[in-house]
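Novice: With these hints in hand, go ahead and build the complete structure from the sequences.
Just so you know, the sequences run in chain order A and B. Just add 6 to the spot in the first sequence (first one is 1) and you have my numbering. Just add 6 to the spot in the second sequence (first one is 1) and you have my numbering.
Everything labelled a hint here was simulated from the structure, so no lab data went into it. Predicted, not measured: the structure shown is a model, and the values here were computed from it.
For chains that are exact copies, the list does not tell them apart, and a pair is met inside one copy or across any two.
Below, computed lysine-lysine pairings styled on BS3-like, alpha-carbon distance capped at 30 Å:
no., residue 1, residue 2
1, 176, 261
2, 243, 78
3, 15, 62
4, 25, 78
5, 207, 221
6, 92, 62
7, 211, 243
2 protein chains.
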Amino acid sequence: MDYSHMEPKDVRALIREGKITSFTSGMCNGYAQANLVVLPRELAFDFLLFTTRNPKPCPVLDVTEVGSPEPKAVAPGADLRYDIPKYRIYRHGELTDEVTDLSRYWRDDLVAFLLGCSFSFEGPMLDAGLDVRHITENHNVPMYITNIQCTPAGVFHGPMVVSMRPMTPKAAIRAIQVTSRMPNVHGAPIHFGDPAAIGIKDIDKPDFGDPSTIKPGEVPVFWPCGVTPQAVAMAVKPEFMITHAPGHMFITDVKNADLSVL
Amino acid sequence: MDYSHMEPKDVRALIREGKITSFTSGMCNGYAQANLVVLPRELAFDFLLFTTRNPKPCPVLDVTEVGSPEPKAVAPGADLRYDIPKYRIYRHGELTDEVTDLSRYWRDDLVAFLLGCSFSFEGPMLDAGLDVRHITENHNVPMYITNIQCTPAGVFHGPMVVSMRPMTPKAAIRAIQVTSRMPNVHGAPIHFGDPAAIGIKDIDKPDFGDPSTIKPGEVPVFWPCGVTPQAVAMAVKPEFMITHAPGHMFITDVKNADLSVL
Numbered sequence: 007m008d009y010s011h012m013e014p015k016d017v018r019a020l021i022r023e024g025k026i027t028s029f030t031s032g033m034c035n036g037y038a039q040a041n042l043v044v045l046p047r048e049l050a051f052d053f054l055l056f057t058t059r060n061p062k063p064c065p066v067l068d069v070t071e072v073g074s075p076e077p078k079a080v081a082p083g084a085d086l087r088y089d090i091p092k093y094r095i096y097r098h099g100e101l102t103d104e105v106t107d108l109s110r111y112w113r114d115d116l117v118a119f120l121l122g123c124s125f126s127f128e129g130p131m132l133d134a135g136l137d138v139r140h141i142t143e144n145h146n147v148p149m150y151i152t153n154i155q156c157t158p159a160g161v162f163h164g165p166m167v168v169s170m171r172p173m174t175p176k177a178a179i180r181a182i183q184v185t186s187r188m189p190n191v192h193g194a195p196i197h198f199g200d201p202a203a204i205g206i207k208d209i210d211k212p213d214f215g216d217p218s219t220i221k222p223g224e225v226p227v228f229w230p231c232g233v234t235p236q237a238v239a240m241a242v243k244p245e246f247m248i249t250h251a252p253g254h255m256f257i258t259d260v261k262n263a264d265l266s267v268l
Numbered sequence: 007m008d009y010s011h012m013e014p015k016d017v018r019a020l021i022r023e024g025k026i027t028s029f030t031s032g033m034c035n036g037y038a039q040a041n042l043v044v045l046p047r048e049l050a051f052d053f054l055l056f057t058t059r060n061p062k063p064c065p066v067l068d069v070t071e072v073g074s075p076e077p078k079a080v081a082p083g084a085d086l087r088y089d090i091p092k093y094r095i096y097r098h099g100e101l102t103d104e105v106t107d108l109s110r111y112w113r114d115d116l117v118a119f120l121l122g123c124s125f126s127f128e129g130p131m132l133d134a135g136l137d138v139r140h141i142t143e144n145h146n147v148p149m150y151i152t153n154i155q156c157t158p159a160g161v162f163h164g165p166m167v168v169s170m171r172p173m174t175p176k177a178a179i180r181a182i183q184v185t186s187r188m189p190n191v192h193g194a195p196i197h198f199g200d201p202a203a204i205g206i207k208d209i210d211k212p213d214f215g216d217p218s219t220i221k222p223g224e225v226p227v228f229w230p231c232g233v234t235p236q237a238v239a240m241a242v243k244p245e246f247m248i249t250h251a252p253g254h255m256f257i258t259d260v261k262n263a264d265l266s267v268l
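Specialist: As structure tokens, this is what we get:
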């Protein structure tokens with residue numbers, strides 16, 4: 007079944023009916039997919055402040071009203087309790103359950119955050135003729151914990167996680183142009199070249215995802231990664247927290263092209 | 007006394023000592039100036055959410071920790087209780103006092119928001135050789151209440167306020183390019199041409215500021231305005247609220263050039 011040319015609302019309907027429980031990559035070409043973080047009201051201000059202070063790793067696409075599961079800005083009518091294929095439930099920082107809907111877990115004091123994801127700029131990179139290595143090699147993007155500290159906010163603090171794509175200098179310059187236009191989905195890279203300069207010990211051993219081949223003449227280029235806010239939220243070991251399961255994203259009604267400022 | 011070439015910290019020191027109590031326009035060329043909104047903690051999440059949902063009229067430059075008057079992101083070491091020339095105190099939406107420092111009014115439950123201002127993109131406009139009419143005519147920028155509703159958040163809701171600059175189509179195109187690069191200080195315009203299309207009845211009678219001359223061959227170009235968040239906060243008539251006095255802004259250590267994404 008090919009979901010790549012379907013509309014987001016139709017794919018979300020299939021997810022809601024339990025007919026799709028798989029990874030969402032490749033679904034609804036051209037539409038932004040989002041990371042989910044759900045926290046209780048009393049942590050919501052600090053977490054929103056953390057995203058405000060760290061917009062590059064934590065690009066906010068939508069925040070629900072307290073208790074409401076509807077992401078009105080990016081998918082009016084959608085329901086975040088049912089429209090993601092798989093969720094993870096955490097209590098005090100421990101993964102306690104993995105579920106396909108939140109009917110048993112939703113509460114009136116919860117606030118849901120949808121955060122942008124690098125899928126949104128990889129489409130424009132491919133459109134620009136760039137080789138996105140982990141797509142070419144058909145594996146997950148390599149991600150690394152750096153020694154760059156995010157700006158703390160209230161109880162939240164922690165290091166920035168980055169994703170890496172190997173490129174020739176010429177391709178890197180084009181990629182910097184393409185991603186600079188998309189500040190709402192991570193924007194420009196934060197570093198290229200020497201991994202040690204940002205605290206990465208071994209480029210062949212990513213902390214998350216899979217290693218990408220770096221060819222002769224290429225340098226690694228590093229972008230702020232949407233795993234950062236999840237990792238930071240997790241580190242606080244909140245009493246209760248919900249996220250999407252890795253790779254099982256929320257598909258929004260927002261076109262990636264509309265996330266470009268120029 | 008010419009403050010245009012002084013460093014922000016030196017001008018803030020003069021303000022703190024009470025030696026400057028005037029408008030800040032023209033001070034510390036090249037550095038971003040910011041609007042101030044201070045609200046009690048219990049309104050802070052809704053207000054931050056409002057700015058998140060309406061980033062074009064409400065570009066957040068900094069938010070302080072609860073009770074702290076230090077804007078750590080944009081001016082570490084500064085003190086928002088003393089470093090602005092003039093403040094306004096509101097109780098239940100009524101202006102009750104105008105003061106030159108907040109020593110009598112600061113509370114442990116207050117959160118201060120610094121919001122970007124169009125001064126930041128007018129420098130780059132002038133650098134690009136554009137005629138910024140209200141600067142040429144030496145009056146305040148004309149501002150209008152539109153029929154465009156901001157996306158509500160919790161208790162906060164209201165119409166977008168816009169600022170207007172008349173331009174030829176050629177100049178408008180260049181201005182769109184220049185301001186698109188600065189999404190953190192309002193970004194691209196939201197409209198040009200027919201004022202009635204966004205609910206403006208009489209272009210010669212702005213709701214705030216002074217009218218600008220529109221020459222033959224020019225169209226009015228409208229940008230989201232930083233007066234929006236203040237107007238929206240005011241409309242809720244919060245128990246307690248502090249703002250800067252009009253034109254008496256906070257001068258940050260951030261260069262306008264660093265607010266450009268490209």
